[in-house]
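*Asks:* Kindly generate the complete structure, drawing on both the sequences and the hints.
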Amino acid sequence: MSKTTENLSYDEALSRLETIVAQLEEQDLGMDELTRLVREAGSLVKTCRKKLKATEEEIRNSFLEEDQPED
Amino acid sequence: MSRFFWFIPGNFSFICTMQQAISLIALNELIKNTLDTTLSPTYWVIAEIGELREAVRGHAYLDLIEKSELGILAKIRGNIWSYTYQSIKRKFEAATNTRLKSGMKILALVTVQFHELYGISLVIKDIDPNFSLGERARRRQEILDQLKSEGLLNLNKQFVLPKVSQKIAIISSVTAAGYGDFVNQLEQNANGYQVHYRFFQASMQGKEAAKEIIQRIQQVEAQQMKAPFDLLVLIRGGGAQTDLDCFDDYELAKAIANAALPIVTGIGHERDESIADMVAHTRLKTPTAVASFILSGFQEYEDMLRRQLLFVERYAQKTLKKSSDGLLGKVHLLKSLFQGKISEKKNHLDQFSRQSHRLSLHALEKMFLKVDTRQQSLKRASHFGIQKAQSKLDQHEKAIQRANPEFLLARGYTRTEKDGVPIHRTDLKPGDKIVTFSQQNIIASEIKKIEKNE
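Sequence order for the protein chains is A and B.
The first sequence runs 16 to 86 under this note's numbering.
The second sequence runs 843 to 1296 under this note's numbering.
Please note that the accuracy of each hint is not assured.
[Said to hold, decoys possible] Okay, derived cross-link-like pairs now, DSBU-like style, lysine-lysine, Cα gap no bigger than 35 Å in a straight line:
{"hint": "1", "chain 1": "B", "residue 1": "K947", "chain 2": "B", "residue 2": "K967"}
{"hint": "2", "chain 1": "A", "residue 1": "K68", "chain 2": "B", "residue 2": "K1230"}
{"hint": "3", "chain 1": "A", "residue 1": "K65", "chain 2": "B", "residue 2": "K1234"}
{"hint": "4", "chain 1": "A", "residue 1": "K65", "chain 2": "B", "residue 2": "K1230"}
{"hint": "5", "chain 1": "A", "residue 1": "K65", "chain 2": "B", "residue 2": "K1240"}
{"hint": "6", "chain 1": "B", "residue 1": "K917", "chain 2": "B", "residue 2": "K1049"}
{"hint": "7", "chain 1": "A", "residue 1": "K68", "chain 2": "B", "residue 2": "K1234"}
{"hint": "8", "chain 1": "A", "residue 1": "K66", "chain 2": "B", "residue 2": "K1212"}
{"hint": "9", "chain 1": "B", "residue 1": "K1230", "chain 2": "A", "residue 2": "K66"}
[Said to hold, decoys possible] Chain B residues, not near chain A, derived (Cβ > 10 Å throughout):
{"hint": "10", "residue": "N1031"}
{"hint": "11", "residue": "Q1066"}
{"hint": "12", "residue": "K1234"}
{"hint": "13", "residue": "V1263"}
[What the hints assert, rightly or not] Okay, the calculated beta carbon distance ranges per label pair:
{"hint": "14", "chain 1": "A", "residue 1": "D26", "chain 2": "B", "residue 2": "E1296", "range": "46 to 52 Å"}
{"hint": "15", "chain 1": "B", "residue 1": "I1284", "chain 2": "A", "residue 2": "E72", "range": "27 to 33 Å"}
{"hint": "16", "chain 1": "B", "residue 1": "H1266", "chain 2": "A", "residue 2": "N22", "range": "33 to 39 Å"}
{"hint": "17", "chain 1": "A", "residue 1": "N22", "chain 2": "B", "residue 2": "R1196", "range": "55 to 61 Å"}
{"hint": "18", "chain 1": "B", "residue 1": "S1202", "chain 2": "A", "residue 2": "D26", "range": "40 to 46 Å"}
These are computed hints drawn from the structure, not numbers from a lab.
Glycine residues also receive a C-beta, built at the ideal position from the N, C-alpha and C atoms.
*Replies:* As structure tokens, then:
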């Protein structure tokens, strides 16, 4: 996973991912390019999953705080 | 022989009698002797004093007359020798409070005296005062009867005396001691009451007194139009207790009765009240008694004012207390009403507060529920969003997986490219150099022959 991928926002990462998927599906790419894009896409998927996970955790935590009674 | 001559106007002749003439002195002596022998030594005679004159040496000379309606019927000179006169005078005045004076009817013990030189006269030896008293009483009664018949006896009494007599007309004699006493008492009263008075001078005894007093009464009446007096006082005090007959005068009584203002007398004599006293509004014994009477009016009025003031004060206090009690009652009532109202409002407020609290709690609860619902929805939506995103990622991952050459190579498939382009995307001809990728190897080859795979 490259550093650049980590720094992207979820939407940027997803957008990039969708672009790569479209390229992969529609363009005739060479083996090297294909391999690079698959790796980047894999990284982007991981990033997105990680961000989703973090968001989910955050949502759960925030509802958890609401449910807890105040002192 | 006596001779008588008559003077006959006109013929100037004398008629003579044959009688022997005597001298005048002889005649007078004869008269004197005749009288002395014929008359009794003394007589009690009823007569009126015509004129009375006191001589320097103490003798009294008087005319005794008898009158009828037609005129004087009889008249004779009389005298009272000094010693006798003093005695008679003292006795008479003590009994009647009146001096011997002209116009008075008397019963006198007389001796007829004839003097050759001075002629006939009466020597008065004694005068019976009881006769004069009776005579005066009779005359008084006559006057009273007349006044009564004329309706004058109580006429002045019809006036209602002012409660406070502040303006006084005084008829008196300035020389009378009573006037001074009267004025002193008025002016130096202990309470400092102001009495306004005006003095009208008149003789208060003697022949002219009644006339002068009447004139003064008329003068006072004339003043009534301009500056009315409350009261007229007729005062005479001190001095001799004699010569008060002027106050029994009919004309004076009439003037008093008809006066335009109430008259108070203070004539200051000890004997029975005079007719002036009887017709006056109020009769008092002395001038000081009149002054006291006037001042007592002030005093009574002041006392009355004090009583009324006291009454007003008490009434005001009572009324104030009543009003105060009433107000207090109203205050209590209002307080009670207000407390009731306040309590009622407080209850309403409490009720409203409780209701508001309940409603607020209910609303809050509803809002909590709503928030909960929203939260659930949000949770669900978040979860759904994440799932959707994950699903999308899954799809993309699958697409990537599908495009991943390593996945195909691992299953035994190979990939062949011509000049970096997959061979199914390019035209091939024999002799082209191609590269084939397997999992383990990269194989470079040259096309020898191309046949269609059908």
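*Asks:* Each hint should be assessed against the structure and marked as holding or not.
*Replies:* Hint-by-hint comparison with the structure:
no., hint, result
1, B:K947 to B:K967, "16 Å, holds"
2, A:K68 to B:K1230, "13 Å, holds"
3, A:K65 to B:K1234, "14 Å, holds"
4, A:K65 to B:K1230, "15 Å, holds"
5, A:K65 to B:K1240, "17 Å, holds"
6, B:K917 to B:K1049, "22 Å, holds"
7, A:K68 to B:K1234, "14 Å, holds"
8, A:K66 to B:K1212, "29 Å, holds"
9, B:K1230 to A:K66, "14 Å, holds"
10, N1031, "101 Å, holds"
11, Q1066, "110 Å, holds"
12, K1234, "8 Å, violated"
13, V1263, "6 Å, violated"
14, A:D26 to B:E1296: 46 to 52 Å, "48 Å, holds"
15, B:I1284 to A:E72: 27 to 33 Å, "44 Å, violated"
16, B:H1266 to A:N22: 33 to 39 Å, "38 Å, holds"
17, A:N22 to B:R1196: 55 to 61 Å, "59 Å, holds"
18, B:S1202 to A:D26: 40 to 46 Å, "43 Å, holds"
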